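> Go ahead and model the full structure; you've got the sequences and the hints to work with.
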Amino acid sequence: MAFLELKNVSKGFGPKGQRNEVLKDLNLSIEKGEFVAIVGYSGAGKSTLMNMIAGLIHPDTGTVTLNDLEIKEPGPDRGVVFQNYSLLPWLSVYENIYLAVDQIFPNWAVAKKQQHVERYIGMVNLTPARDKKPSELSGGMRQRVSVARALAMDPQILLLDEPLGALDALTRATLQDEISRIWQENKKTVVLITNDPDEGIYLADRIIPLTAGPNATLGPSFQVDIERPRDRKAINHDPVFKRIRRDVVDFLLSSRQQRTAAVTKKLVLPDIEPEDLSVTRELFGPKPRPRRRSEVKVEKVEVEV
Amino acid sequence: MKPFKLDWLILPLIGALVVIGAWHLLAGKKVVVKDAEGNVTSEERVGAIAALPNVKETWESSKPYVMEPFAHRGELDQGILRFTWLSLILVAKGYFIALLIGTPLGFFLGLSKAFTKMTDPIIQVLRPVSPLAWLPLGMVLFLGAGKNASDLAALFTIAICAMWPTVLNTAVGVRAIPQDYLNVAKVLKLSRWKTLTKVMIPATLPYMFTGFRLSLGIAWLVIVAAEMLTGRPGVGGFLWQQYNALIYEQIILCILMIGLVGFVLDRLMSVVERRFKTA
Ligand SMILES: Nc1ncnc2c1ncn2[C@@H]1O[C@H](COP(=O)(O)OP(=O)(O)OP(=O)(O)O)[C@@H](O)[C@H]1O
Ligand SMILES: [Mg+2]
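Those protein sequences? They're chains A and B, same order as listed. Under this note's numbering, the residues of the first sequence are numbered 1 to 305, in order. Under this note's numbering, the residues of the second sequence are numbered 1 to 279, in order.
Some hints could be false.
If the Cβ cut is set under 10 Å, some of the chain A residues that face chain B in the computed set are [what the hints assert, rightly or not]:
no., residue
1, N51
2, A54
3, L69
4, P76
5, R78
6, G79
7, V80
8, Y85
9, S86
10, L87
11, W90
12, N96
13, A129
14, E185
These are computed hints drawn from the structure, not numbers from a lab. In this text, all values refer to a predicted model and were calculated from it rather than measured experimentally. Even glycine gets a Cβ: it sits at the ideal position worked out from N, Cα and C.
What follows is the structure, given as structure tokens:
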């Protein structure tokens with residue numbers, strides 16, 4: 001019996017008429033202790049899938065179950081590493097993790113909680129930065145804090161949303177090895193979202209492509225039968241690795257039904273709320289208001305190829 | 001112009017000198033009219049704005065208030081800093097009432113769309129009302145308080161005028177809390193109270209302090225109007241009293257003092273504000 005299971009899950013956003021169907025008919029089942037990577041195009045709906053497993057949003061149709069219980073809300077049994085780190089900027093590294101530990105193990109003695117926090121800071125090699133604020137850390141360090149926070153919650157399942165997305169290749173490789181080591185130490189169930197097939201194959205037991213959106217769906221699973229510990233250099237010449245990579249990439253390329261390429265551009269808007277002066281204000285109606293950053297995350301431009 | 005050494009000091013000084021010079025040129029001067037035998041027949045003021053005291057007259061007549069800033073010669077005859085202190089105490093009280101009411105109100109506005117829709121027209125209508133209009137209403141409201149009525153009316157006016165920037169900035173700040181932070185709170189299952197104290201308030205603080213700073217500016221602006229109408233001792237009350245007594249020199253002294261205090265308060269608040277911005 002599957003540990004985490006998605007059945008016929010679909011999800012769209014927006015009101016009728018201008019509805020954006022993001023995910024359609026997703027089926028997925030993951031065993032306990034398994035490391036699964038999901039790889040897909042930017043904007044395909046990977047974060048949406050992750051948020052559904054985390055319980056932050058709900059599927060329009062279908063069910064998401066963990067241990068046969070439907071996921072209705074977020075909970076500490078699922079540790080999430082968000083795509084954009086999501087550290088609280090006014091708390092230090094230590095305090096960010098302590099907040100989580102304090103919340104999840106309220107009955108522990110203070111000394112035990114402190115020790116627990118220190119242990120996980122050590123695990124991601126951040127002890128020297130323990131009292132720094134997130135703004136004083138590099139991107140990679142923030143990612144590691146985020147990973148440490150999720151691990152310190154001792155969740156049953158770890159959800160990693162492009163945890164290494166923003167990093168340069170070298171740091172990325174180091175952190176991949178770190179994730180691999182941590183997984184082998186803890187043997188937690190892990191769902192890793194990534195846009196890099198190599199990363200997925202290198203780390204996971206199983207890699208599943210997500211087709212291009214809209215109406216993205218999961219493709220066939222590719223079992224990665226490569227011995228652990230895996231060697232980063234040797235693996236590039238491993239025929240199994242090469243075959244899986246070719247299959248995954250082929251599948252992703254052929255998955256674009258229409259011959260359009262979705263180019264997604266991140267929009268970073270200033271966090272202010274300007275008023276649209278060209279719109280005359282109704283006396284009692286709502287203020288004419290532009291959409292805020294939290295509403296418009298990406299801009300999509302479709303081009304013929 | 002190229003920056004040069006000490007330009008931060010010299011340029012403002014030149015600016016001040018130009019303004020003071022223009023004032024002195026425009027201001028009136030006392031002329032003594034004598035008859036043929038050299039007896040003083042009359043004194044009259046001449047100049048572009050004859051009634052406006054010039055720099056020298058202003059200084060001489062302000063001297064007792066400046067040189068003995070803490071003197072207490074009578075209720076409406078005190079050193080300038082003593083008056084300022086009285087005004088500051090009143091402003092502080094009114095300002096804290098404004099923050100005490102404005103901050104939670106702003107939070108509710110930020111959290112609830114329905115509440116915003118319900119109160120937005122009221123706020124938009126009340127916000128531009130001048131302190132001069134609020135004060136009489138305050139007098140009416142606190143009619144029962146007898147001797148304290150004018151004090152309470154002044155507090156009421158300061159509080160209600162100074163409240164709006166805090167209310168509106170806090171509301172904007174709450175609406176601008178990034179979804180990421182709220183997601184963290186949800187994933188950790190923080191209680192409502194902890195979400196408020198550990199996530200929402202810290203995330204809103206920079207906006208709140210911008211509101212606090214603007215509110216303080218308004219509170220200080222309102223003090224003069226409040227003191228004028230109530231006749232309370234303070235810089236504003238003193239200014240109005242001297243005007244009525246036809247002693248124009250001290251009006252300028254009061255204006256300078258009010259401006260200076262307002263400037264210092266704003267500087268102090270921006271220091272505090274900046275501390276929270278970086279956090
Ligand atoms: N809250 C939302 N409201 C409306 N549309 C949304 C929302 N969240 C996501 N979308 C839309 O869903 C689609 C998928 O977004 P999602 O963030 O899941 O992509 P992604 O695969 O994680 O991309 P990336 O690799 O860039 O992170 C996008 O077209 C986006 O516009
Ligand atoms: Mg994403």
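> Take the hints in turn and mark each one as holding or not.
Verification of the hints:
no., hint, in the structure
1, N51, "8 Å, holds"
2, A54, "6 Å, holds"
3, L69, "16 Å, violated"
4, P76, "6 Å, holds"
5, R78, "7 Å, holds"
6, G79, "8 Å, holds"
7, V80, "5 Å, holds"
8, Y85, "8 Å, holds"
9, S86, "4 Å, holds"
10, L87, "8 Å, holds"
11, W90, "4 Å, holds"
12, N96, "9 Å, holds"
13, A129, "18 Å, violated"
14, E185, "23 Å, violated"
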